[in-house]
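**Q** So the chains spell out like this:
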Amino acid sequence: MTFRAETRMIDGGLEIVRLISNEIKIVIPSQIGGVPVVSLGAMFLRDSHGPGNRTLIIPATVTSASDEALVSTVIKTINYLGSFETFNSFKWSLGNDCQVICGDGFIFNFLSGYSMCFPDFDNEILTSHQRISEATVMARLKDPFMLTEENREKYVHYMRSRTVPMAEHAILENDNATLKSIIETKLLSEDDLKELLESSLRSGRTSSTSMIMSTLNAMNSGRQ
Amino acid sequence: MMNIQDAKDQVKDAIEVYLSKDAAGNYIIPRSRQRPIMLLGPPGLGKTAIMSQIAAELGIGYMPYTITHHTRQSAIGLPMIEKVDYGGYECTVTNYTMSEIISAVYDVIYKQGKPEGILFIDEINCVSETLAPAMLDLLQNKKFGPHLIPDGWVLVSAGNPQEYNDSARDFDVATLDRVRVIEVESDSDVWLRYAMSAGINDAIIYYLKVKPQNLLKIERTVDGTQFVTPRAWEDLSVVLNEYESKGIWAGVSLISQYVRDPEIAAEFNKYREFYRKYSEDYNSDSILSGSFEITPSTVSAEGRLAVISILTGRLNSEAGRAMDIRYARDLLLNKPGTTQYEIRSKLKSNLTMEERRGLQFTMECIAERIPLETLNEMLKDAEERFEDHLKNAVEFAKTAFGIGPETISLVTGLISCYNVVMFSRPGGNLYRYNDELLCAGRDRKLQSILEGL
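Going line by line, the protein sequences match chains A and B. Using our numbering, you'd call the opening residue of the first sequence number 1 and step up by one each time. Using our numbering, you'd call the opening residue of the second sequence number 1 and step up by one each time.
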């Protein structure tokens, strides 16, 4: 295994100028020689080849990065231990799909070729002619970090006709996790939920019924 | 293999997809690609019952046929001799009158105004030698004789595997490659949920909760084939409910006429006695009215299950009756002046169980000239009583058994009853207990485990 870091001192700590690693799980140390690692440079992983499904773990001490830090690399998962707000400021992009998991609980599957920051991601995907997956739209609506009202409207418009059939399918498949995500988008109206409740009852899916009842009850309490 | 509920969902999805149209109004999946659906499973599982339910839920036509009741002539039509001129060469050829089955479909299209529907052919693999080629032609080409099944009508068939039916035959690969085969198996959890909504006799539900393996049993013994099927339990339930409403205690000899396995019949009879005893010990009327005096519980696990079953059954029946009142109220409010004749003709079409019950009750209301105001009052009373009874039942379970499996089972049982949930309203007791006992602070896995309890 190879792991070699070239660093330089900057304000507040060290910047990793370049990292040579062929490991499947690249763990950036939070400090080197007792000095905190605070930044990742433009050549960070340039020419650092390894397996195609690599994971990059970045400590919360890293608060700045060059937007070219990941150019020409393939990373499948980035686990940033800081907040997504800070990660968003890195303005990275990758040539492959990549899941980003942040220390504040934010999770998003960024798509190949699109910016890994908001609202750039939304602007790019909504103006492209590529088909957007329902999962991507649901994730944006569920956790609308830096989602502009205009983009939200576009996502809502896209999902409007798809949510009820998707929820029905999730009920039939006993897929409560998906049903929960759909409910959390708040795109289902009270009438939609009542329709789904009946469908769930007819299909004998007790846990879906319970979840839908709970949502209807919360809606009712909110009104009161 | 899948249970009957999953099979129903699969068939319903398939029909919805087959009947979906493009902007120009053409079926997106062309007729040639609409593979007929074939349900294969043991007898008495409910294969036939789900088809009429699907048609009613989708609001489309339904035409069931048991093909073993047909002769070759009635299925494909009678031969007619016709003269044809082939460019000056006149000859006689054989044509066929329209199949009774196809003409019955046209009757539904034109008399009931249902351009789309399900043509259900039961016992398709049990036909005689003479009909077998016609069945292959039907499955492969969707036609009886020269007459095609009309566009918009989906062909669904059902049959029994050979192990359950001596006259059943296998289809060849060429035929099987043109149909969607769904193999169905018995699932007691699914049947019990259905039973709750269908008003199946409480003692049967209780017995099959304790002995789910006896829902379907077919065994060849030296004394002949001994069997019991879900259909037999359902038919027995109708008779028992009727006997009980007349105060007659039906014995094992009546049970044995439906449950054709002597050991199961005798055992069920014994459980009915238990159930009656628990019903007397734990007076459900006083539990529901909140006046039951709770003493430290020494009741067995089976007894607790019996009490929970009794309460669930009582609340389900109460909600069912209240739903009928609501149905009649809504119908007479939205369509004042509805006549018995109109309802009678509506009852002739294929309806969901709830619609049928609601219409029957509405007809009684019209016959007895019950005014709308009285129905409104009846509904208000029913709502208040139901909310009260539900609260008392759950509070009884909490006090008598604690917040444990019995109480959770009661609430889970209630939220799997169609009538109970559809009659309850958000903000009411059922929704509150669902939040309190099933959702708040509990892992959803618990509910998955409790599914079917």
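It should be emphasised that the hints constitute simulated quantities derived from the structure, not laboratory data. Quick reminder that beta carbons are idealized off the backbone N, C-alpha and C, glycines included. Among the hints, a few may not be true.
Stated by the list, open to error - Under 10 angstroms between C-beta atoms, here's a sample of chain B residues computed to sit facing chain A:
| hint | residue |
| --- | --- |
| 1 | LYS12 |
| 2 | ILE81 |
| 3 | GLU116 |
| 4 | ARG193 |
| 5 | TRP249 |
| 6 | TYR341 |
| 7 | ILE343 |
| 8 | VAL411 |
| 9 | SER416 |
| 10 | PRO426 |
| 11 | CYS439 |
Said to hold, decoys possible - In silico lysine-lysine, BS3-like type, Cα no more than 27 angstroms apart, as pairs:
| hint | chain 1 | residue 1 | chain 2 | residue 2 |
| --- | --- | --- | --- | --- |
| 12 | A | LYS91 | A | LYS76 |
| 13 | A | LYS194 | B | LYS391 |
| 14 | B | LYS83 | B | LYS143 |
| 15 | A | LYS76 | A | LYS194 |
| 16 | B | LYS380 | B | LYS335 |
| 17 | A | LYS194 | B | LYS111 |
| 18 | B | LYS346 | A | LYS194 |
| 19 | B | LYS380 | A | LYS194 |
| 20 | B | LYS348 | B | LYS335 |
| 21 | A | LYS154 | A | LYS142 |
| 22 | B | LYS277 | B | LYS211 |
| 23 | B | LYS398 | B | LYS277 |
| 24 | B | LYS83 | B | LYS114 |
| 25 | B | LYS270 | A | LYS194 |
| 26 | B | LYS211 | B | LYS143 |
Said to hold, decoys possible - Covered stretches of chain A (in silico footprint by chain B; criterion: 3 or more residues with CB under 8 angstroms from a CB of chain B, positions within the stretch not fixed):
| hint | region |
| --- | --- |
| 27 | 95-109 |
| 28 | 143-151 |
**Q** Now tell me if each hint is right for this structure.
**A** Results for each hint:
no.: 1; hint: LYS12; verdict: 9 angstroms, holds
no.: 2; hint: ILE81; verdict: 51 angstroms, violated
no.: 3; hint: GLU116; verdict: 19 angstroms, violated
no.: 4; hint: ARG193; verdict: 4 angstroms, holds
no.: 5; hint: TRP249; verdict: 32 angstroms, violated
no.: 6; hint: TYR341; verdict: 30 angstroms, violated
no.: 7; hint: ILE343; verdict: 23 angstroms, violated
no.: 8; hint: VAL411; verdict: 9 angstroms, holds
no.: 9; hint: SER416; verdict: 5 angstroms, holds
no.: 10; hint: PRO426; verdict: 4 angstroms, holds
no.: 11; hint: CYS439; verdict: 5 angstroms, holds
no.: 12; hint: A:LYS91 to A:LYS76; verdict: 17 angstroms, holds
no.: 13; hint: A:LYS194 to B:LYS391; verdict: 23 angstroms, holds
no.: 14; hint: B:LYS83 to B:LYS143; verdict: 24 angstroms, holds
no.: 15; hint: A:LYS76 to A:LYS194; verdict: 40 angstroms, violated
no.: 16; hint: B:LYS380 to B:LYS335; verdict: 20 angstroms, holds
no.: 17; hint: A:LYS194 to B:LYS111; verdict: 33 angstroms, violated
no.: 18; hint: B:LYS346 to A:LYS194; verdict: 25 angstroms, holds
no.: 19; hint: B:LYS380 to A:LYS194; verdict: 21 angstroms, holds
no.: 20; hint: B:LYS348 to B:LYS335; verdict: 19 angstroms, holds
no.: 21; hint: A:LYS154 to A:LYS142; verdict: 14 angstroms, holds
no.: 22; hint: B:LYS277 to B:LYS211; verdict: 19 angstroms, holds
no.: 23; hint: B:LYS398 to B:LYS277; verdict: 22 angstroms, holds
no.: 24; hint: B:LYS83 to B:LYS114; verdict: 36 angstroms, violated
no.: 25; hint: B:LYS270 to A:LYS194; verdict: 42 angstroms, violated
no.: 26; hint: B:LYS211 to B:LYS143; verdict: 44 angstroms, violated
no.: 27; hint: 95-109; verdict: violated (count 0)
no.: 28; hint: 143-151; verdict: violated (count 0)
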